[in-house]
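2 protein chains.
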Amino acid sequence: MSLEFKNLDKTTSYTSLKNKSSKLSLKEVLTADRVKSKHITVGGGLEYNYAAKCVNDDILSDLQALADEQQLIPKYKELLNGAVINTGEKRMVLHQLTRAQLGKDVLFEGKNQRDFYTSQLNRIRKFVSQVHSGIIKGSTGKAFDTVVQIGIGGSDLGPRALYISLENICNPAMKAHFISNVDPDDANAVLSGLNLETSLFILVSKSGTTQETLANRNFVIEKTKQAGIKGFNPSAHFIAVTSETSPLAGSSDVLDSFYMDDFIGGRYSVTSAVGAAVLSLAFGYEVFEKLLAGAAEADKLALETDLKKNPSLMDAMLGVYERNILGYPSTAVLPYSQALSRFPAHLQQMDMESNGKSVNRDGEALHYATGPVIFGEPGTNGQHSFFQLLHQGTDIVPLQFIGFRKSQIDSDPDYEGSTSQQKLKANLVAQIVAFAKGKNDSNPNKNFAGERPSSLISGEQLTAEALGALLAHFENKVMFQGFVWNLNSFDQEGVQLGKVLAGKVLAGDDDMDPVLRAYSELLAI
Amino acid sequence: MSLEFKNLDKTTSYTSLKNKSSKLSLKEVLTADRVKSKHITVGGGLEYNYAAKCVNDDILSDLQALADEQQLIPKYKELLNGAVINTGEKRMVLHQLTRAQLGKDVLFEGKNQRDFYTSQLNRIRKFVSQVHSGIIKGSTGKAFDTVVQIGIGGSDLGPRALYISLENICNPAMKAHFISNVDPDDANAVLSGLNLETSLFILVSKSGTTQETLANRNFVIEKTKQAGIKGFNPSAHFIAVTSETSPLAGSSDVLDSFYMDDFIGGRYSVTSAVGAAVLSLAFGYEVFEKLLAGAAEADKLALETDLKKNPSLMDAMLGVYERNILGYPSTAVLPYSQALSRFPAHLQQMDMESNGKSVNRDGEALHYATGPVIFGEPGTNGQHSFFQLLHQGTDIVPLQFIGFRKSQIDSDPDYEGSTSQQKLKANLVAQIVAFAKGKNDSNPNKNFAGERPSSLISGEQLTAEALGALLAHFENKVMFQGFVWNLNSFDQEGVQLGKVLAGKVLAGDDDMDPVLRAYSELLAI
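First to last, the protein sequences are chains Z and V. When we follow our numbering, the leftmost residue of the first sequence carries the number 1, and every step to the right adds one. When we follow our numbering, the leftmost residue of the second sequence carries the number 1, and every step to the right adds one.
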């Protein structure tokens, strides 16, 4: 099948959708039967339920037509086969390949890419086993009991969110910490609580030149010098996760290097060596393998053409409908699981950095809305916070709920006739219904208009497999939306200008923009 | 002066603003002189700089007219004097009174409210001093070294954000933890790292009936029973912060109770006993006093009628201009300080719960946009994440930067010619300029349109005084915006429906809505 790349507003199915008459009433649409029938298997034991989305079969069939017209599944297949989908940087996009071989063999300069990724994971598996068994020790002869990831953006948010998600359930072999911000207060605060002799640091930077990460490496090394520990050798406490061509690769300053490449963007790198090293050191490689298995399952389900059987495709198309037809500018992610407390921050990066674009894949200006603002906090916390605006504010914000039948830790006393987990779940389902159906009250201040759509991803328990599927579900959703909008979800040119200007400030450039100089003086740089 | 309450769309100054011709160019507006001149003292050593906001003197004078027409300062003064500004719940609004007496004496049932708040703070001061000196000990005779706040929403977000903000600089006397979510994994994770014998728990609930907080209290008590510590008496390890009429007040299950009242909403309660107990136990009461002093300074500056001299008024009016004239639906809060990592979550609650309303103060429907979505993460982290959308997305998101000349911890080695703090600041100013002025590039994918407005709150260092002023600045901004929109910023009816429905689920009501039942079955409640 030959692929055709069209802007959304050039498709016939989008025009058809836009010309539909007025919006449906969610209050009328949402029935018990719908709750029982409108769900799709996500992988990892999860289900995607879209009963509380404001669509009927007619709209879904238009969305299917749009998905077909924009060739979402053929494009995904070509991505899996190694097509240059990242048009801006002229690169393949291979994060799914870290999980499984779903397409043809992908070769780059004669090298099989799947073999490359698995070989790196195998090297990590071996390294981790040597650390855990005490074969590899710190420079003063003590076993490592702590791992510190130094990285920023994708090298930080995804691995950190996943570490927090699994910390309660996976019984860490090593405690993990993260240093990301160039703010010296970040590194100082993390380091103040550490035993340097038993700490292993992971430097994560694809280019090996990320300003924040190198500054924080230097920061750590200076701290170890100040500590004056007899016999301490910093290079025996660092490993690198980087590309083979980076200055960090195989450097004598690190104990070992593990490799990623240009075909996996930072925000999609959790299932590569970037997440593998820290998560395997923390939980053991077998936990990381389960994460991969869950993600692979979700990737495979995303190959299905029928959106009623493809959860990430359905999620993507419903999001496009809400963004481009209904005009909603943001989406809230609401996990009813404290373990997912930083998962919204990961999705915020993954989605907003991927699809926050104004040009199409060929660099031409787009004249329709693309990626929305993504934000969120765990429930029930959010209920006592920003949910007020979600219920009664003047804008409608679509909601992505996530919840589990069981808690991670099996210790949950009864209080007033129910456990905490039951209370948590009761609140979750109550919110879905409250948002959708509202409540009429003669006092307008206590009136709930309802009509606020949501979807629910649910499962038995937040395990490594479930987490892997959850991660991949959203990656694939964002990929499909990028295809609908005909943009390149895999570059991030928007982060460059700030770096250049910051460099000018630090260099004290004589020809610095006077405005930039004035701000620099204000902050006494 | 008699007060008049008008909807925004009934004011003549709003009509005048709406009829202005096309939008200004920020690229043209923003000059070095403007950076040097467009700033206002915030209090606590901070400055509010609005050079990079897309307004000229003409628009500012319209905004001043609107502020005058909506009587923002007279309304603030009446609030300070004890007017019933919370019309929905028919209550006074007195959080500023915890900081200073800026208006007339406020009496309630013959009681002077300022005396009431200060008497509670004095009781906390004394209690804290007895804990720190070891006069008050745990039930097994060990000194307390840890404090755990159990609360949700305003009893959690503000105190937690402020604790994190000061942890590095204030040398905690006691380590603080927070349990908020009803998710049992939250309480289990926090408790697993604690020594119960040396832990003091603070139950924070105004009503004394908050479901999550009572469930978590029970959770902690069950854990202490399971621990089977000889001689352990839970009631000697709990204090309460609650209203005088709540079931927790003076209960034999707590060591002591400290009081708040109905005139301080949860999201405005950090400077009341709610924040005082945990922050004073952590850092000493003198640190809390500095926080109050910074907040009081900001409150006083908010009395100024001229918006060019009143930072929270200016911030409020610029926000209204961006929301109602320019139509921007969200605002990002971007502190370049890791210590402020949870401050955006606090502002998210404070702003969205206050002004996420669709009815005016008299309960009549409004026909214009009110409170925006608020989200944010610290820089430079955000630069490697969602900043892509902020720079090149299809929607414009106004930005609130926050930064400091000095870091909190004075240990910052040089790397490649600059310290980490210099790099942090250089990135901050670079971003402001990149967002405002953009960059033309013949490659549209590398083109930055600019025209993305921001403001900057900056100061020497994030101290307790600065933090107090920062807190009050945003509280007052939100209050002024509520007055402009003619809504009640001080109730939260939108959180009620979910509670009612959750109660039905937990009670297993026979007449439960079939949709609610279907969702309940899905999650096996």
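Just so you know, the hints here were simulated from the structure itself, not pulled from any lab data. Fair warning: there could be bad hints in the mix.
What the hints assert, rightly or not - FRET-style restraints, in silico, Cβ to Cβ:
{"hint": "1", "chain 1": "Z", "residue 1": "His367", "chain 2": "V", "residue 2": "Asn440", "range": "13 to 21 Å"}
{"hint": "2", "chain 1": "Z", "residue 1": "Lys90", "chain 2": "V", "residue 2": "Asn440", "range": "18 to 26 Å"}
{"hint": "3", "chain 1": "Z", "residue 1": "Ile229", "chain 2": "V", "residue 2": "Thr41", "range": "40 to 48 Å"}
Even for Gly, the Cβ is constructed at its ideal location relative to N, Cα and C.
Do the hints match the structure? See the list:
At roughly 20 Å, the beta carbons of His367(Z) and Asn440(V) sit within the given window of 13 to 21 Å. For the pair Lys90(Z) and Asn440(V), the supplied restraint of 18 to 26 Å holds, since their beta-carbon distance comes to about 23 Å. For the pair Ile229(Z) and Thr41(V), the beta carbons lie near 47 Å from each other, so the given range of 40 to 48 Å is met.
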